[in-house]
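Kindly generate the complete structure, drawing on both the sequences and the hints.
These protein sequences, in sequence, are chains A and B.
Residue 233 in our numbering sits at position 233 of the first sequence, with consecutive numbering throughout.
Residue 1033 in our numbering sits at position 33 of the second sequence, with consecutive numbering throughout.
In short, the hints are calculated from the structure, not lab data.
Check before you lean on any hint, since a few could be wrong.
No more than 20 Å apart at the CA atoms, straight line, and that leaves these computed lysine to any residue pairs for SDA-like [unchecked claim]:
{"no.": "1", "chain 1": "A", "residue 1": "39", "chain 2": "B", "residue 2": "1043"}
{"no.": "2", "chain 1": "A", "residue 1": "8", "chain 2": "B", "residue 2": "1006"}
{"no.": "3", "chain 1": "A", "residue 1": "8", "chain 2": "B", "residue 2": "1016"}
{"no.": "4", "chain 1": "A", "residue 1": "85", "chain 2": "A", "residue 2": "130"}
{"no.": "5", "chain 1": "A", "residue 1": "39", "chain 2": "B", "residue 2": "1040"}
{"no.": "6", "chain 1": "A", "residue 1": "39", "chain 2": "B", "residue 2": "1030"}
{"no.": "7", "chain 1": "A", "residue 1": "8", "chain 2": "B", "residue 2": "1002"}
{"no.": "8", "chain 1": "A", "residue 1": "8", "chain 2": "B", "residue 2": "1007"}
{"no.": "9", "chain 1": "A", "residue 1": "39", "chain 2": "B", "residue 2": "1002"}
{"no.": "10", "chain 1": "A", "residue 1": "8", "chain 2": "B", "residue 2": "1019"}
{"no.": "11", "chain 1": "A", "residue 1": "85", "chain 2": "B", "residue 2": "1117"}
{"no.": "12", "chain 1": "B", "residue 1": "1145", "chain 2": "B", "residue 2": "1124"}
{"no.": "13", "chain 1": "A", "residue 1": "192", "chain 2": "A", "residue 2": "214"}
{"no.": "14", "chain 1": "A", "residue 1": "85", "chain 2": "A", "residue 2": "60"}
{"no.": "15", "chain 1": "B", "residue 1": "1116", "chain 2": "A", "residue 2": "96"}
{"no.": "16", "chain 1": "A", "residue 1": "8", "chain 2": "B", "residue 2": "1070"}
{"no.": "17", "chain 1": "B", "residue 1": "1116", "chain 2": "B", "residue 2": "1155"}
{"no.": "18", "chain 1": "B", "residue 1": "1148", "chain 2": "B", "residue 2": "1079"}
{"no.": "19", "chain 1": "A", "residue 1": "39", "chain 2": "B", "residue 2": "1041"}
{"no.": "20", "chain 1": "B", "residue 1": "1012", "chain 2": "B", "residue 2": "1079"}
{"no.": "21", "chain 1": "B", "residue 1": "1116", "chain 2": "A", "residue 2": "77"}
{"no.": "22", "chain 1": "A", "residue 1": "8", "chain 2": "B", "residue 2": "1069"}
{"no.": "23", "chain 1": "B", "residue 1": "1116", "chain 2": "A", "residue 2": "79"}
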Amino acid sequence: MYEFEYQKPSSLSEAASAIKSADDGSLLAGGQTLLPTMKQRLASPSDLVDLSGVPGLSGISVVDGNVVIGAMTTHAAVAASADVKSNIAGLAKLAGCIGDPQVRHRGTIGGSIANNDPAADYPGACLGLGATIVTNNREISADDFFVGLFETALDDGEIITAVRFPIPEKSDYSKFAQPASRFSLVGAFVAKTSNGARVAITGAGQAGVFRVPAMESALNGDFSAASVGSISLPSDDLNSDIHGSADYRAHLVTVMAKRAVDGCG
Amino acid sequence: MPITVSMTVNGKAVTGEIEPRTLLVQFIRENLKLTGTHVGCDTSQCGACVVHIDGTSVKSCTTLAVQVDGADVHTIESLADGDTLHPMQEAFRENHGLQCGFCTPGMVMSAVDLVKENPDPSEQEIREWLEGNLCRCTGYHNIVKSIKAGAAAMRG
Ligand SMILES: Cc1cc2nc3c(=O)[nH]c(=O)nc-3n(C[C@H](O)[C@H](O)[C@H](O)COP(=O)(O)OP(=O)(O)OC[C@H]3O[C@@H](n4cnc5c(N)ncnc54)[C@H](O)[C@@H]3O)c2cc1C
Ligand code: FES
Ligand code: FES
Chain A
1 MYEFEYQKPS SLSEAASAIK SADDGSLLAG GQTLLPTMKQ RLASPSDLVD LSGVPGLSGI
61 SVVDGNVVIG AMTTHAAVAA SADVKSNIAG LAKLAGCIGD PQVRHRGTIG GSIANNDPAA
121 DYPGACLGLG ATIVTNNREI SADDFFVGLF ETALDDGEII TAVRFPIPEK SDYSKFAQPA
181 SRFSLVGAFV AKTSNGARVA ITGAGQAGVF RVPAMESALN GDFSAASVGS ISLPSDDLNS
241 DIHGSADYRA HLVTVMAKRA VDGCG
Chain B
1001 MPITVSMTVN GKAVTGEIEP RTLLVQFIRE NLKLTGTHVG CDTSQCGACV VHIDGTSVKS
1061 CTTLAVQVDG ADVHTIESLA DGDTLHPMQE AFRENHGLQC GFCTPGMVMS AVDLVKENPD
1121 PSEQEIREWL EGNLCRCTGY HNIVKSIKAG AAAMRG
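See the structure below:
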């Protein structure tokens, strides 16, 4: 790991100015992606601005039909939250199958979605529930937030403060984990919301998480596993690697979507 | 620029002047000379480096020492009471839960954290909890047996 300066601001505005005035700074949340990347020398920020001293960034609340999760809330806290379990079962399940317990104890929702790894799990829940990403400057809908591979709509130095998830009628997440890394080879998040069904797929797409409109309209007609079972995606824009070909992933998309619909109960 | 960190490690207050890039595991092994915490992979996969920070298990190779300034850290050295092993350590010994022993400190620290959350874990729950702990020797079978026995002993 290359050298860097460490800063631990104690307010959001201090954090915003620290990251702005740094030469080539990075925000630090749980460090479960950033530190391994720095060790591999794939990232060499001049400064790390640690968000753990900023008050109010962590915690879960239910407000006006939404579950609001602070950016610094750990995966373990989301998985264990009674509010998340009772209101958005699919989200609690998703958080509980990220990585391993030690990663879940430190990794945060803000770090995960800012990173937008194409095989990460949280982008599936954000898109699948039509969440709103709240930053220190504005609110961004999940449909606009996930731009591409490791790319988001965040401006340089913009800080995610919370994610607001509208409470659906029901939801589930079904993940086929890559056997070694446990990231998703394919993950399907399905929700039945007051504005219709949503289906988001993570792990499979070359440009990261995406929705499947054909499955959504089939579910709006009949919310059952059978209605998505006959829909298969073309494999053209899907990932292909040593863990699975694009055709294999296309097949898994249908299987995982069926399981998630079933899991909605 | 060096930076001063202070924390409690195994009940003792410690302080060090370190570079910000110092990993918690380096601070524990090299500054404090507590070499029970191992580095197996250094890539966040194996869990040989698991310690407890404020009561929960984390990978000390994927945590900066500065991130835990002010925290309460426990390493494998904190478990035994003099010559008397902690029930989880004793269970690993009794059940042949180790061969070379390299992964064992992390396994035991991870297991103790599991039992805190779930005092009577099933075999399946133990196997799932060990997702982030790799062992190259045992095939896990006796580790799972050890943790079941250790959990029973900890329940008393
Ligand atoms: C062994 C292992 C297994 C894993 N398995 C999975 C898995 O199965 N599924 C999965 O989804 N993930 C997995 N992960 C990744 C894990 O979920 C990380 O916790 C997560 O990707 C990043 O969160 P973090 O809090 O650790 O962020 P950090 O590593 O601290 O930061 C990641 C990036 O986000 C930026 N950032 C952090 N917080 C904010 C913020 N509030 N606003 C703006 N930018 C911010 C940082 O600057 C950095 O660029 C795994 C990681 C490991 C080490
Ligand atoms: S040394 Fe920390 S996970 Fe392997
Ligand atoms: S006993 Fe040798 S690595 Fe586990």
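Hints the structure violates: just list their numbers, smallest first.
The structure breaks none of the hints.
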